[in-house]
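Single-letter residue listing:
Number of protein chains: 2
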Amino acid sequence: MNRQELYNQIRTKKSCLCVGLDTDIQKIPSQFTQAQDPIFEFNKTVIDTTKDLCVAYKPNIAFYESMGIAGWQSLEKTIDYIPDNIFKIADAKRGDIQNTGKMYAKTFFEQMNFDAVTVAPYMGEDSVAPFLEFDDKWVIVLGLTSNVGSHDFQQLRLDSGEMLYERVIKTVQKWGNPNNLMFVVGATHPDLLKDIRKMAEDYFFLIPGVGAQGGDLKEVMENGSNGEIGMLINSSRNIIYAGDGADHEEKMRLSALGMQQLMAAYI
Amino acid sequence: MNRQELYNQIRTKKSCLCVGLDTDIQKIPSQFTQAQDPIFEFNKTVIDTTKDLCVAYKPNIAFYESMGIAGWQSLEKTIDYIPDNIFKIADAKRGDIQNTGKMYAKTFFEQMNFDAVTVAPYMGEDSVAPFLEFDDKWVIVLGLTSNVGSHDFQQLRLDSGEMLYERVIKTVQKWGNPNNLMFVVGATHPDLLKDIRKMAEDYFFLIPGVGAQGGDLKEVMENGSNGEIGMLINSSRNIIYAGDGADHEEKMRLSALGMQQLMAAYI
Numbered sequence: 001m002n003r004q005e006l007y008n009q010i011r012t013k014k015s016c017l018c019v020g021l022d023t024d025i026q027k028i029p030s031q032f033t034q035a036q037d038p039i040f041e042f043n044k045t046v047i048d049t050t051k052d053l054c055v056a057y058k059p060n061i062a063f064y065e066s067m068g069i070a071g072w073q074s075l076e077k078t079i080d081y082i083p084d085n086i087f088k089i090a091d092a093k094r095g096d097i098q099n100t101g102k103m104y105a106k107t108f109f110e111q112m113n114f115d116a117v118t119v120a121p122y123m124g125e126d127s128v129a130p131f132l133e134f135d136d137k138w139v140i141v142l143g144l145t146s147n148v149g150s151h152d153f154q155q156l157r158l159d160s161g162e163m164l165y166e167r168v169i170k171t172v173q174k175w176g177n178p179n180n181l182m183f184v185v186g187a188t189h190p191d192l193l194k195d196i197r198k199m200a201e202d203y204f205f206l207i208p209g210v211g212a213q214g215g216d217l218k219e220v221m222e223n224g225s226n227g228e229i230g231m232l233i234n235s236s237r238n239i240i241y242a243g244d245g246a247d248h249e250e251k252m253r254l255s256a257l258g259m260q261q262l263m264a265a266y267i
Numbered sequence: 001m002n003r004q005e006l007y008n009q010i011r012t013k014k015s016c017l018c019v020g021l022d023t024d025i026q027k028i029p030s031q032f033t034q035a036q037d038p039i040f041e042f043n044k045t046v047i048d049t050t051k052d053l054c055v056a057y058k059p060n061i062a063f064y065e066s067m068g069i070a071g072w073q074s075l076e077k078t079i080d081y082i083p084d085n086i087f088k089i090a091d092a093k094r095g096d097i098q099n100t101g102k103m104y105a106k107t108f109f110e111q112m113n114f115d116a117v118t119v120a121p122y123m124g125e126d127s128v129a130p131f132l133e134f135d136d137k138w139v140i141v142l143g144l145t146s147n148v149g150s151h152d153f154q155q156l157r158l159d160s161g162e163m164l165y166e167r168v169i170k171t172v173q174k175w176g177n178p179n180n181l182m183f184v185v186g187a188t189h190p191d192l193l194k195d196i197r198k199m200a201e202d203y204f205f206l207i208p209g210v211g212a213q214g215g216d217l218k219e220v221m222e223n224g225s226n227g228e229i230g231m232l233i234n235s236s237r238n239i240i241y242a243g244d245g246a247d248h249e250e251k252m253r254l255s256a257l258g259m260q261q262l263m264a265a266y267i
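Listed in order, the protein sequences are those of chains A and B. Using our numbering, the first residue of the first sequence is number 1, and each one after it goes up by one. Using our numbering, the first residue of the second sequence is number 1, and each one after it goes up by one.
I should point out that these hints are in silico values taken from the structure, not numbers from a laboratory. Fair warning: this is a prediction, and the values are worked out from it, not measured in the lab. Misleading hints may appear alongside valid ones.
Keeping only pairs whose Cα atoms sit at most 25 Å apart, straight-line, the calculated DMTMM-like set for lysine to aspartate or glutamate is [to be verified]: (1) K106/B x D24/A; (2) K102/B x D244/A; (3) K27/A x E110/B; (4) K102/B x D24/A; (5) K170/A x E162/B; (6) K174/A x D159/B; (7) K106/B x E76/A; (8) K102/B x E41/A; (9) K102/B x E76/A; (10) K174/B x D159/A; (11) K102/A x E76/B; (12) K170/B x E162/A; (13) K137/A x D24/B; (14) K106/A x E76/B; (15) K14/A x D52/A; (16) K102/A x D244/B; (17) K77/A x D37/B.
The following label-pair restraints were derived from C-beta to C-beta distances [stated by the list, open to error]: (18) A265/B x K194/A: 58 to 66 Å; (19) E5/A x D191/B: 48 to 56 Å; (20) K14/A x N113/B: 48 to 56 Å; (21) E201/B x V148/A: 27 to 35 Å.
All C-beta atoms in this analysis are idealised placements derived from N, C-alpha and C, irrespective of residue type, glycine included.
The whole structure should be built from the sequences, with the hints applied where relevant.
And the structure:
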């Protein structure tokens with residue numbers, strides 16, 4: 001999916017919601033656990049219930065990998081089930097030397113039909129470049145993440161005066177462009193979001209950390225938007241585990257709808 | 001495998017060689033391509049030919065992931081085939097927030113029987129900590145990698161005067177200890193290896209970049225050893241693709257033997 005198509009979806013649905021498919025067999029409601037493929041059956045319900053309210057789905061690959069081969073099967077079925085007009089992000093946080101990076105790109109862009117992959121920047125240009133070579137595919141580089149550990153290294157000050165995450169966001173832009181590159185910017189740093197928007201005005205941000213991790217959606221909409229919204233705001237646990245019994249679908253829809261309606265006021 | 005057992009293997013075999021199983025279907029000799037599981041059959045030959053000369057195997061997970069479910073099956077079979085007294089490293093370069101990190105740890109330590117996983121440090125303590133909670137298992141954190149891109153961020157100078165990779169190596173030591181934590185230090189920075197050894201005297205280093213990437217083995221042995229050697233020196237392409245026809249096993253053994261014999265002079 002290209003930039004214009006993604007923006008069209010955002011305008012049509014009045015939503016920049018990304019639903020995180022962090023599907024954990026220990027946490028899904030009991031009515032799914034007897035299914036032949038509980039993870040896929042659960043995801044199917046999530047997709048059926050939320051697909052008119054969101055523009056992206058983001059499976060975190062760890063949850064599938066930890067189930068072994070059965071998990072990869074659930075993931076492939078899930079990706080095939082997501083409608084074509086919804087953006088598909090592999091939250092994989094990969095990153096390796098060039099010949100290996102190519103392999104990871106092949107996994108997510110060719111083996112599975114993802115639109116985007118998250119990548120960690122620590123290994124530098126040759127770890128990011130292989131993901132930039134595919135038409136209408138995207139790399140989403142970790143800029144400033146939403147977790148507590150983002151203070152350990154990302155927010156160290158360099159001798160140039162910049163923070164490390166600022167340097168990452170500025171440098172990585174030289175390797176790609178707003179049509180093939182996005183950044184992860186956590187919602188738990190609303191004060192910094194405005195400045196980061198100035199550093200990367202035309203780029204999409206993938207914004208995790210709203211909800212369970214404490215980020216405030218309204219503040220994010222106000223501080224992070226550019227002329228074309230330029231954000232995919234992710235919520236995982238707050239949506240997919242909103243209910244845990246017979247009310248599962250109803251509560252999940254209400255949770256997603258609440259976010260979409262708040263977003264609509266800004267789109 | 002614990003630290004003492006690993007050191008015992010190094011002394012017994014007079015080797016600190018780690019063979020990288022970066023097995024690429026495009027590169028393996030033609031006699032394997034007709035097998036039902038070419039990747040596993042090739043790996044089996046590598047293991048049979050080199051297991052008395054090395055103390056560790058390191059499959060780079062990207063190569064298996066890119067083959068889809070069949071690739072994960074080849075990986076599981078490979079891990080099961082490696083003898084118990086050889087250290088098994090999942091070169092996965094993972095790293096995610098705490099609840100996700102736990103999933104990745106589960107994948108490699110429980111789902112598959114790896115001894116160690118490589119992890120990228122960019123997301124900080126909560127991305128590394130979940131891997132430290134398993135008995136006799138190891139996390140290997142990227143310190144200074146062997147690739148060109150290591151200059152982009154790892155070698156940036158902080159306002160404290162340290163390079164970023166120095167800060168990473170010092171800070172991460174506070175989260176673990178020499179019995180559950182190692183660092184990746186590329187062989188392509190032999191001048192820096194001596195200094196890095198002083199920063200982390202008792203820690204094992206996983207050293208990629210000898211051979212195909214240009215690092216010099218003798219220099220690494222001289223600059224990187226501590227009292228218990230403290231290094232696993234990896235070679236992938238130079239060993240596993242040393243021959244490409246009927247001479248495959250012979251050339252592979254010669255390549256591994258050459259490295260082991262050079263190492264033996266220092267052990």
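**Asked** Given the hinted pair K77/A and D37/B, is their alpha-carbon gap at most 25 Å?
**Response** 23 Å, holds
**Message:** Between the alpha carbons of K102/B and E76/A, is the straight-line distance 25 Å or under?
**Reply:** Holds, at roughly 22 Å.
**Prompt:** Keeping to a limit of 25 Å between CA atoms, is the pair of K102/B and D24/A held or broken?
**Reply:** 12 Å, holds
**Prompt:** Would the pair K106/B and D24/A pass a check requiring their Cα atoms to be no farther apart than 25 Å?
**Reply:** 13 Å, holds
**Message:** For the hint 58 to 66 Å, verify it against the beta carbon of A265/B and that of K194/A.
**Reply:** 59 Å, holds
**Prompt:** Does the structure keep K102/A and D244/B at a Cα separation of 25 Å or less?
**Reply:** 23 Å, holds
**Request:** Go ahead and decide if the range 27 to 35 Å is satisfied by the Cβ distance of E201/B to V148/A.
**Result:** 29 Å, holds
**Request:** Quickly compare the C-alpha distance for K174/B and D159/A to 25 Å and report which way the hint goes.
**Result:** 24 Å, holds
**Message:** Checking one constraint from the list: CA of K106/A to CA of E76/B, max 25 Å. Satisfied?
**Reply:** 21 Å, holds
**Asked** Quick one, are K14/A and D52/A close enough, alpha carbons at most 25 Å?
**Response** 10 Å, holds
**N113/B and K14/A - C-beta distance against the hinted 48 to 56 Å** = Taking Cβ atoms as reference, K14/A and N113/B lie about 49 Å apart, which means the hint holds.
**Given pair status - D159/B, K174/A, alpha carbons within 25 Å** = 24 Å, holds
Against the hints set out earlier in the document, no violation occurs for any number.
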